[in-house]
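A.B. asks: Protein chains in written order, with our numbering: chain A, 572 to 976; chain B, 6 to 419.
Not one of these hints is a red herring.
Here are the computed lysine-lysine pairs in the DSS-like style, where the Cα-Cα straight-line distance is at most 30 Å: (1) A:857 x A:761; (2) A:724 x B:62; (3) A:779 x B:343; (4) A:637 x A:903; (5) A:896 x A:931; (6) A:758 x B:62; (7) B:155 x A:953; (8) A:727 x A:857; (9) A:724 x A:758; (10) A:779 x A:724; (11) B:343 x A:953; (12) A:876 x A:727; (13) A:727 x B:53; (14) A:779 x B:53; (15) A:727 x B:62.
Think of the hints as simulated: they come from the structure by calculation, not from any bench.
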Amino acid sequence: MATTATNIPQQGVFLEKDIDTNDMVVNIGPQHPSTHGVLRLITTLDGEIVKNIEPVIGYLHRSKEKMAESRSLYQYQPTIDRVEYLSSFFDHYAFVSTVEAIAELEVPKRVQYIRMITMELNRITSHLLWFGTFLLDLGASSPMFYAFREREKILKLFEDLTGARMMYNYYRFGGVIADMPEGWLDKVRKVVDEFPDRLDEYEAIVTKNPIFLDRTIGIGIMSAEMALANGVTGPSLRASGIKLDLRKTNPYCSYDEVDFDVPVGNTGDCYDRYRVRFQEMRESLKIIRQAIDKIPGGDTAELNKRRAAGDETANEMDLQIYGKKINLITYKPPKGEGSTIVESPRGFLGCYIITDGSPKAYRIKWRGASFSNLSVLAPLMKGLLFPDLMAIFGSIDVILPEVDR
Amino acid sequence: MHDLIYRLLMNLGLPVELIFFIWAGLMFVVISLVGQVAVVFMVLMERKVLAWITQRKGPNRVGPWGLLQTVADGVKLLFKEDIMIPGQDKFLFTAAPILFFAPTFVIYALLPFTDKLLGLNLPIGLLLIFALSSLSVVGIVLAGWGSNNKYSLIGGMRSAAQAISYEIPLVLSALGVALAAGTLNLKTIIESQNAGQYGIFSWYWLSILPLSFVIFWSSSIAEVNRSPFDLPEAESELVSGYNTEYTGMKFALFFLAEYASLFGMSVLMVILFFGGYYSPFGGLLLQKWFHINDPILLEFEMATWLIIKTYIFIALAMLIRGTLPRLKPDQLMGFSWKFLIPLSLVNILSIAILKLTWIGTGLKTIQAGPFTFVVPYIVAYGVLAIVLFLILVIFGNIFKRKVISRIQLQQRTV
Numbered sequence: 572m573a574t575t576a577t578n579i580p581q582q583g584v585f586l587e588k589d590i591d592t593n594d595m596v597v598n599i600g601p602q603h604p605s606t607h608g609v610l611r612l613i614t615t616l617d618g619e620i621v622k623n624i625e626p627v628i629g630y631l632h633r634s635k636e637k638m639a640e641s642r643s644l645y646q647y648q649p650t651i652d653r654v655e656y657l658s659s660f661f662d663h664y665a666f667v668s669t670v671e672a673i674a675e676l677e678v679p680k681r682v683q684y685i686r687m688i689t690m691e692l693n694r695i696t697s698h699l700l701w702f703g704t705f706l707l708d709l710g711a712s713s714p715m716f717y718a719f720r721e722r723e724k725i726l727k728l729f730e731d732l733t734g735a736r737m738m739y740n741y742y743r744f745g746g747v748i749a750d751m752p753e754g755w756l757d758k759v760r761k762v763v764d765e766f767p768d769r770l771d772e773y774e775a776i777v778t779k780n781p782i783f784l785d786r787t788i789g790i791g792i793m794s795a796e797m798a799l800a801n802g803v804t805g806p807s808l809r810a811s812g813i814k815l816d817l818r819k820t821n822p823y824c825s826y827d828e829v830d831f832d833v834p835v836g837n838t839g840d841c842y843d844r845y846r847v848r849f850q851e852m853r854e855s856l857k858i859i860r861q862a863i864d865k866i867p868g869g870d871t872a873e874l875n876k877r878r879a880a881g882d883e884t885a886n887e888m889d890l891q892i893y894g895k896k897i898n899l900i901t902y903k904p905p906k907g908e909g910s911t912i913v914e915s916p917r918g919f920l921g922c923y924i925i926t927d928g929s930p931k932a933y934r935i936k937w938r939g940a941s942f943s944n945l946s947v948l949a950p951l952m953k954g955l956l957f958p959d960l961m962a963i964f965g966s967i968d969v970i971l972p973e974v975d976r
Numbered sequence: 006m007h008d009l010i011y012r013l014l015m016n017l018g019l020p021v022e023l024i025f026f027i028w029a030g031l032m033f034v035v036i037s038l039v040g041q042v043a044v045v046f047m048v049l050m051e052r053k054v055l056a057w058i059t060q061r062k063g064p065n066r067v068g069p070w071g072l073l074q075t076v077a078d079g080v081k082l083l084f085k086e087d088i089m090i091p092g093q094d095k096f097l098f099t100a101a102p103i104l105f106f107a108p109t110f111v112i113y114a115l116l117p118f119t120d121k122l123l124g125l126n127l128p129i130g131l132l133l134i135f136a137l138s139s140l141s142v143v144g145i146v147l148a149g150w151g152s153n154n155k156y157s158l159i160g161g162m163r164s165a166a167q168a169i170s171y172e173i174p175l176v177l178s179a180l181g182v183a184l185a186a187g188t189l190n191l192k193t194i195i196e197s198q199n200a201g202q203y204g205i206f207s208w209y210w211l212s213i214l215p216l217s218f219v220i221f222w223s224s225s226i227a228e229v230n231r232s233p234f235d236l237p238e239a240e241s242e243l244v245s246g247y248n249t250e251y252t253g254m255k256f257a258l259f260f261l262a263e264y265a266s267l268f269g270m271s272v273l274m275v276i277l278f279f280g281g282y283y284s285p286f287g288g289l290l291l292q293k294w295f296h297i298n299d300p301i302l303l304e305f306e307m308a309t310w311l312i313i314k315t316y317i318f319i320a321l322a323m324l325i326r327g328t329l330p331r332l333k334p335d336q337l338m339g340f341s342w343k344f345l346i347p348l349s350l351v352n353i354l355s356i357a358i359l360k361l362t363w364i365g366t367g368l369k370t371i372q373a374g375p376f377t378f379v380v381p382y383i384v385a386y387g388v389l390a391i392v393l394f395l396i397l398v399i400f401g402n403i404f405k406r407k408v409i410s411r412i413q414l415q416q417r418t419v
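Please construct the entire structure, taking both the sequences and the accompanying hints into account.
C.D. replies: This is the structure in C-alpha cells:
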C-alpha cells in the first residue's frame, strides 16, 4: 500500500526530530531515608539530572519561640534541648548566657571551663553523627556504626555528668546544676587520648577511598560569595575559604585562654566540607585537653579534699559552680533585652531574649544555623546528578528540628 | 548415585518417556533445592558478615546461632499482605517478580555442581547462561514501570542502563575462557583447567587470564546489582529502587532472586576461573592421596570443593558491600565503557595471540602452566600502552583536567 510506504521513517528522521520529553517532578520526603528528618524536596529531574529543587520546611514546627511566652524561663529551659537535639549543650549555652547578660550575672571560671569541655565534646558527637550519616548518604553503611561506637563513649560521659544522653539540661543561670562527678575528668582524658587513633582509622577507610574521592571532589562547589549571600555559617562556610569562627573572633566562655586552629578549606566542595569537619574534631580534642589541664580547682575529688581539710582558698568564687544563689523557678531577670551567638557544630546559633521583669520572657527568637545553611542547597544542586543531591545535602549537615524549631 | 537411581527406574519396567520425565523432575527438585538452601544460608551469612564488619552480633535469637532467622523471615513474608496501590499496571506488576526470578533459577540447571549433578550438559552452556542472565533485567524494568512509583521507574531505568553496560565486559571476559578452552561447554572448561597438572596454578585465573578474571569479577558484581554497583536500589536516593512498592511474597521473590543470581554468578566464576569442582592440588584428593574410587564419595568431594570456592567469593562480595560507598550512574557507565570494555578487548587479543602461538606449536588446546600468561601479556600490554598513549594524545585535555584536580587535592592545606 502506498500509505505504509510514506509512513516508514527515513533514515535519520527519528534522530533529527525532537523526542517529546517531560521533566519528572519527584517529591523527595517528607519521609525519606536521606532527608535527616522530615524535609520535603520538590525536585525536578531531567533523567538523572536535577533541574530544580525546592525545599519545603515546617513539618517539625513545635513553636519553640511561642512556648517561652507562657512559662517561666526556668520551666522553658528543658524544652530547649529539642531545638537542636544533636548538640543541645550549645542551645543551652546560648539561652543561659543571654539571660546572664541581661541580669549581669557573673559566671565562675570553673563553670566556664566545664561548659567549654562539654560543648567541645558535644561538637565531636555531632560531627561523628554527621560523619556516619554523610557516608550513609554516599552508600557506605559501615562507617555509621564505627562513628556510633565512639559517639557512645562520649554519650556515656554525658550520662555520668548530667544523667541524660541527649537532653542534658545541665547549665543554669550563672552556673551549672551540679559539679562534675569525682574522676570524671580522668574519664574524659582517657576518651580524648584514644580518640585520635579512631580518627586515623576513619581516615584510613574513608578519606583515601577512591570512590569516596570521586563522589566528593568537585561536587557542590560553594564559592565564598555564594556562601555569604545565603548566610551560610559554620564549617560549611569555612570550607569555602572564609576563616570565620566565633570562638576566635568573639571569644566567649574562656575560649581566648585555649590555643586552637580554625581549619579552612579552599574550594568549598563536599570533600572540603568533609575535611574541615574532620579537622575540627581534632581541634576540639586539643581544646578539651587544654581545658582539662587548666580548669580551676582540678578534679572534683581534689577540690572536695581541700574543702574538707578546711582550705579557705577552695571556696573562692572561681571554684564555685554557681555565681550567685538564685531561686531558679521564680527567677525574675530584670527588664531588658540581650542576645548571644554561639559557634555551634552547624554554624551560628543565636538566641535573642526580651524580658519584662516577670519570670517569663516577653519574646524569644532563635536563629538556627541549619535554616540558612539549607537555603544554599537549591543553588548548589542546579545541573548535578540525582545522587549528588544526597552527597551535598549530607555534606552541609542540616538538622531539621533546628530549621523548623 | 546417578546411575543407581537411573537403573532403579529402568528395573521398574516403566516406559522410557516416563523415566525421562521422572528423572527431569528429580533433577529439578535437587537443583532448585541446592539453590534455595544456598540462598537461605547466604542471607544469614550476609547479615552475620555485615554485623562482624560493624562490630555487632547479627541475628542470634531464632534458632541456634540465628540459623533459623531466614526461615522465620520467609514465613513472615509469606503471610504479609500483598498491597496493590491504585494506578499500577496489575499484569506487569505481578509478572515482574516472576520474570526476574525464573531465569536466575533456570541457570542452575546449566551449572555443573559436580561431575554428574548437572541438569543439562549443553555444548553452548556458557552462551545460554549469559542469555538467561540478561533476561532478568526485563523483570526489573517492568517492576519499575508497573509500580506507578517514580523511584521505581528511575531504579528500573538505571538497571537497564547498567545491564547493557556490564554485560559486554562480562561476556567478553568469559569469551577469553571460551577461546582458551576451545569450547562453550562448562564441563569441558573445567576439565581443561584440570588438565594442566599444577592445581591452583593451572586454573585460568592465574595461568592464562588474570585480567579476564578481574574484569569478570567486577562486572559480575555489577550484573547482580550488588554494592558498590547497587544503583537500581540505592536506598539513599531511591528509597528502595525498583522494589519500593513490593510487599509480601512478591518482594520475597525479588529478594530471593537477587541472592540466587549472586550464587549463580559465583558458581559460574568458580567454573570459569577456579577449576570448578576440582581440588586446588589438581584432581581430586580422595582419588589422588587416599586412592578411594567410590563414585558417590568422589561426587561429594567435588560438590564440597565447588561450594567452598563459591562461598569464598560470596564472602568477598559481602566484604565489598560492607566497605565501599556507592558509585554514581555516570561513574558506573564510565567505568564500564571507558575502562572495562577496552581492557577486555585487549585481553581477548592477548588470548588470541596465545592461542595462535600454541596452535603454531602443534597443540590443540592450551596446556596451562603457572606462568603461561607472561608471553601474551607482554604483547598485550604493549598494545595497551600504545592505545593509551594514542588516547592521551587525542583526548589529552580531559586527562589533564583530571590530573590537575588530583594535584590540587594533594596541595590542599586543610
